[in-house]
Each structure stands twice: as structure tokens, then as C-alpha cells.
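S.K.: Just so you know, the protein sequences line up as chains A, B, C and D, in that order.
Numbering of the first sequence is given in numbering that gives the first Met the number 0, commencing with residue 0 and proceeding in unit increments.
Numbering of the second sequence is given in numbering that gives the first Met the number 0, commencing with residue 0 and proceeding in unit increments.
Numbering of the third sequence is given in numbering that gives the first Met the number 0, commencing with residue 0 and proceeding in unit increments.
Numbering of the fourth sequence is given in numbering that gives the first Met the number 0, commencing with residue 0 and proceeding in unit increments.
By construction, these hints were calculated from the structure, which means they are not laboratory data.
The beta carbon of each residue, even a glycine, is placed where N, CA and C say it ideally should be.
Hints are supplied without guarantee of correctness; some may be wrong.
Claimed, not checked - Label pairs and their in silico Cβ distance ranges: (1) A:LYS31 - C:ASN100: 44 to 52 Å; (2) D:ASP76 - B:GLU42: 53 to 61 Å; (3) B:LYS31 - C:GLU17: 17 to 25 Å; (4) A:LYS99 - B:LYS31: 42 to 50 Å.
Protein chains: 4
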Amino acid sequence: MKITIITTGGTIEKTYNEQDGSLKNYSSILTKILGSLRLPDLEIQQRNIIFKDSLDMTDEDRDLVLRLTRLEMKNGDAVIILHGTDTLENTGELLYHEIKNPPCPIIFTGAMRPYEFRDSDAVQNVTESLIAARLVEPGIYVVMHNRILKFPGVFKDRTRRTFDTN
Amino acid sequence: MKITIITTGGTIEKTYNEQDGSLKNYSSILTKILGSLRLPDLEIQQRNIIFKDSLDMTDEDRDLVLRLTRLEMKNGDAVIILHGTDTLENTGELLYHEIKNPPCPIIFTGAMRPYEFRDSDAVQNVTESLIAARLVEPGIYVVMHNRILKFPGVFKDRTRRTFDTN
Amino acid sequence: MKITIITTGGTIEKTYNEQDGSLKNYSSILTKILGSLRLPDLEIQQRNIIFKDSLDMTDEDRDLVLRLTRLEMKNGDAVIILHGTDTLENTGELLYHEIKNPPCPIIFTGAMRPYEFRDSDAVQNVTESLIAARLVEPGIYVVMHNRILKFPGVFKDRTRRTFDTN
Amino acid sequence: MKITIITTGGTIEKTYNEQDGSLKNYSSILTKILGSLRLPDLEIQQRNIIFKDSLDMTDEDRDLVLRLTRLEMKNGDAVIILHGTDTLENTGELLYHEIKNPPCPIIFTGAMRPYEFRDSDAVQNVTESLIAARLVEPGIYVVMHNRILKFPGVFKDRTRRTFDTN
């Protein structure tokens with residue numbers, strides 16, 4: 000099983016700067032998460048392409064995600080995209096409309112609380128995405144908080160701090 | 000989604016006794032694991048029935064697991080069984096032969112390192128089982144280390160410290 | 000041994016708000032830290048009085064810390080003050096000048112990284128302060144990063160992200 | 000400040016073997032503990048000499064600890080000894096009787112629960128010992144659970160799972 004994980008920043012990847020006390024997207028934390036998991040039968044390729052709060056993502060950024068996903072979905076058995084939750088649905092709908100018949104699962108995930116926090120949901124969500132990637136049929140999904148939600152129509156429920164579908 | 004989790008002890012549930020320095024099955028750690036996960040759309044029922052190293056499980060113990068699984072598989076959408084890895088394949092084969100057409104997924108999981116350890120694989124394996132329970136077709140499985148293995152023929156690979164199939 | 004711990008907010012106590020992604024002083028984390036330590040022979044009294052970034056502390060806030068310290072230093076064997084690092088030296092110098100002969104140790108501590116982060120120095124610094132409180136002579140101190148620094152003349156070394164003395 | 004830390008095994012250093020499920024003294028965990036602390040002004044030298052449950056320590060082992068302590072107490076500002084709690088008092092009394100006027104603090108510490116466990120007291124006890132090493136007068140001590148206990152007369156209170164003095 001061969002998977003590509005594309006990281007784009009977002010809450011899940013925010014890290015703390017001790018000089019100024021800010022919490023920002025400085026680098027990817029994906030290697031740390033993967034290092035804490037046991038994945039004996041999985042070949043993972045990382046593509047760390049964007050380091051931003053998803054509220055700051057531009058159309059060019061989303062287009063970059065689209066183009067890289069198109070490329071990587073032909074090279075492996077699944078594509079996972081770490082994405083900020085605030086505009087995840089925008090990028091998800093874009094991919095849903097632009098990639099008509101994906102050859103494999105394309106799964107968005109992220110976190111409500113950055114990985115660096117003790118009580119983060121980041122490891123849970125990545126763990127879930129990695130196993131869902133083996134089980135779901137081709138399509139565009141959000142996998143988070145023990146749920147598998149398929150585009151179109153996935154949205155962030157800000158009150159419950161999780162995702163849902165119409 | 001409604002799931003029953005049956006705990007039987009095993010490595011995953013071993014806890015440390017500070018009085019005598021032993022590492023044994025004194026109680027279930029499942030509540031702690033579930034408390035660390037975000038599961039907004041999942042109703043879980045716990046059945047803590049056995050507190051043993053799986054090497055000490057008797058035929059009566061395995062029969063108890065079988066009978067309880069038969070009962071619970073009719074009450075929900077999946078049954079997950081926390082089990083010691085050393086004799087997991089015995090209980091798994093028993094269920095495979097006795098339960099001909101399970102109405103839902105029956106998933107065994109466990110850990111190579113007890114939950115109480117910092118580097119345990121317990122949370123990963125429970126997280127994976129909980130999401131696989133939503134995705135796999137009815138059958139008897141081991142879910143662990145990002146793999147979904149279906150009975151019959153699942154065995155513990157002691158050298159690689161994980162499970163595999165013939 | 001009887002100690003009063005006064006909390007004033009600061010980096011050590013910043014917590015994450017999942018609704019808006021902010022990192023602020025919403026509540027005290029002291030109870031969590033103390034709950035993770037073994038302190039069989041210590042009676043601790045908490046006074047959670049201020050919930051602010053120390054850059055936002057006013058003269059009134061510092062005066063409140065001074066007055067409460069004056070009161071509590073007579074009621075126990077030591078006073079520990081959790082304080083933001085950015086203006087810790089200001090409050091420390093104030094106490095140094097206003098409290099001429101403290102009857103017991105008055106120890107400031109804090110953290111360069113909030114307690115809620117995995118790699119925080121918060122637990123280390125509180126642990127150190129609690130044991131230094133048993134050992135140092137009366138005076139006004141900063142205890143952090145395995146160092147005991149006595150006022151006057153303690154300052155934050157922003158480059159090395161720790162405290163030092165002239 | 001220059002400290003030597005001698006490790007001898009004991010509960011604090013027990014690690015889990017996934018092949019056979021045993022919890023034993025295979026190697027030292029001291030480097031991991033020190034790596035989790037911020038110690039900008041401390042030079043530490045490690046001497047990992049014994050890897051045993053302290054119930055298995057022989058007279059030769061205790062003599063080795065004595066001879067190495069004699070050597071290292073002349074080379075630095077303090078000696079810390081990680082030791083199993085079950086026979087810590089024996090080694091402590093030996094050093095107390097053999098080293099009449101130590102030139103610096105000699106501090107024993109350990110843990111009731113191995114470092115590898117989530118709820119271990121190992122980091123607390125090492126943190127406390129490292130700061131007490133800067134503050135106590137020359138002598139032989141146990142530092143653990145926010146207490147500083149001086150030999151002779153220190154003993155393990157098995158019921159309360161901590162140390163005390165007569």
C-alpha cells in the first residue's frame with residue numbers, strides 16, 4: 000500500500016514560537032505524527048507544499064493542491080491532504096468538481112487543536128485517515144472524529160467543533 | 000452507530016502495581032482510551048468480562064467471549080474485542096468456526112505494548128478498530144498497525160511484533 | 000510544609016480556544032500540574048487572582064500581587080507566584096523594594112511554552128519551585144530551568160529564552 | 000555547575016520487552032529524561048554502571064557504587080545516583096558510613112513507577128534532585144516526592160509508597 004500525504008498547514012500543523020508567543024504555521028509536524036504510529040505495511044510519501052492558516056489560502060494555493068493531487072492520485076493507492084478546517088470545505092468542493100472520477104480515495108483531514116497540544120485530535124484523525132484510505136471506494140472525503148464524510152456537501156459545524164454533511 | 004466493546008485483558012490492559020512491581024491485568028483501561036478520543040457520533044457499550052494475560056485464558060473464558068459476542072452482535076452495528084495477542088488467533092478461529100454468518104463486523108484488537116506506556120500502540124489500534132467498524136463488511140477480523148486482516152488464517156508474527164495472514 | 004501558590008496568568012497558563020484558534024489566559028492550569036506530581040508532605044493553597052498575558056498587567060494588577068503576597072507570606076512557609084515571563088522582572092523588583100524582610104521564600108516561576116503543549120517547561124519549573132521553597136532562605140527569587148536567581152537584578156534573556164542575573 | 004549522575008537500574012529504569020512481555024533493566028533511560036528538561040547552566044556527566052533490579056544488587060555492586068561515588072565527588076559539584084527503591088537504604092547507609100566528610104551533596108533518587116509509564120514519578124524526582132544538588136549542604140540524601148531526607152535513618156515506607164526518616 001502506497002500513500003501520498005500532502006500538507007498545507009492549518010490548525011493541525013500550527014507550532015509555538017517561544018520568542019514572540021505566536022502560534023503559526025512554521026513547518027510540518029507530519030513526520031512526528033507518523034513516527035508515533037506503527038505502519039509496517041505502508042509506504043508513505045510526504046509533500047509539504049503550503050504552510051498557512053487555511054483562512055489565508057489563496058485561489059493559487061487551492062489550485063496547487065488540485066494540481067498536486069491530480070499528479071499523486073496516479074502514483075499511489077490514496078492521497079491524504081492535511082488541511083486547515085476553516086476553508087477545508089472550499090478546497091474539498093473544488094477537488095470534487097474538478098476531479099470527476101478519481102482513481103483512488105482522496106481524503107482530507109485536519110484537527111480542531113494543533114498537534115503540539117497534549118489533548119490534540121491530530122493523531123486520532125491521521126490514524127483514522129490512514130486506515131480509511133485502505134477501505135473506502137474512490138471519492139473525495141473528510142475523515143475525522145470517527146466519521147467518514149463524502150463530498151459534495153461536507154461542512155464544518157463550528158458549534159460542535161467537528162464536520163458534518165447536509 | 001452503536002458498538003459494543005468487550006475487554007478480556009491481555010497486554011493492552013496490563014497495569015503496573017507499585018507495591019510489588021508487577022505488570023498484570025488488574026482492571027480495564029478502555030475508559031481512559033475512549034476518553035482521549037473524539038467520537039461525537041458513536042454510542043459505545045463496554046463489557047469488561049475477563050482480566051487475564053491471554054496465555055492464561057481457559058476454554059471456558061473463550062466460550063464466554065463467544066457467547067457474549069453472539070448476544071451483542073445482534074444489539075449493535077459492530078463488536079470490538081480487546082484481546083491479548085498471544086492467543087488472539089485461537090479465540091478468533093473459534094469465533095470464525097462457530098459464528099457462520101455474523102450480521103456485523105467482529106473486530107479483534109490489542110497491543111504489543113500496554114496502554115500505560117508512553118510509546119504504546121494501544122490508542123492507535125483502538126482508533127483504527129473504531130473506524131474500521133464503520134467500513135468493513137460483516138466478518139471476523141484483526142485490526143492493528145494500519146492493517147485489516149480477515150479470519151481464517153490470521154496469526155501473530157512474533158519476530159515483526161505484529162499480525163499477518165497466511 | 001504549607002505553601003501558597005498565586006497564579007496571575009502568563010504564558011504558562013495560556014490555553015487554546017477551539018472556536019477561534021486563539022491562545023489566551025482563560026483559566027488556571029495549576030490544578031492539572033499539581034495533580035501530576037506526588038507531594039505527600041505538602042499542603043498547598045491556590046489563589047488564582049489574575050488571568051492575563053503579563054504584557055497586559057497594570058499597576059493595579061501588580062499592586063494586587065504585592066498585597067496578596069504580603070498577606071500569604073505570614074500564613075505559610077513559602078509563596079510561589081506563577082507569572083508571565085515578559086514582565087516578571089517588573090513585579091519581582093516591586094516586591095523586592097516593597098517587602099523589606101520577607102519571613103519566607105517568595106518564588107516567581109513561569110514557562111517559555113504554555114503547559115498545554117507537549118514540550119512545555121511548565122511542570123519542570125513548578126516542580127523546581129516547590130522543592131526550592133523548602134531549601135532557600137527568605138528572599139525574592141526566580142526559579143526556572145534548574146536555576147535559582149535572587150532579586151534584585153533578575154532579567155529575561157530573550158535570546159536564550161531563559162532568565163539570568165546581572 | 001557540574002554534576003555526575005550514576006545509574007544503577009531499579010524501577011525507574013525498567014523498560015518493556017515486547018517479545019516476552021517482561022519489564023526489566025535492559026538499558027538506561029536517563030538520556031531521555033535529561034532531554035526533556037531545560038538545563039542551560041548545568042554540565043552533566045553520565046555513568047551507567049549497573050542494569051539491575053535493586054533486589055538483585057550484590058555487595059560487589061554496592062562496593063562499585065561506593066568506589067565510583069568517591070571518585071566522582073571530587074570531580075564535580077554533586078553526585079546523583081539513580082537507584083532501585085527496594086534496597087536504596089542499604090546503599091545509602093553504606094555510603095553514609097564509608098564516606099565520612101563528602102565534599103559535596105550525594106543524592107539518591109529513583110521512582111515508584113518506571114519512567115516509561117505515562118504516570119511515572121521519574122521526571123519529577125530527577126528534576127527535584129538536580130535542583131536540590133545546587134542547594135543542599137554536603138551530605139548523603141534521598142530526594143523524591145518533594146522531600147529532602149538525610150542519611151542516616153532514611154527508609155522506604157512501602158504502604159505510602161514513598162521514603163521517610165526515623
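S.K.: Tell me the hint numbers this structure goes against, listed in increasing order.
M.R.: The structure conflicts with no hint, since it agrees with every one listed earlier.
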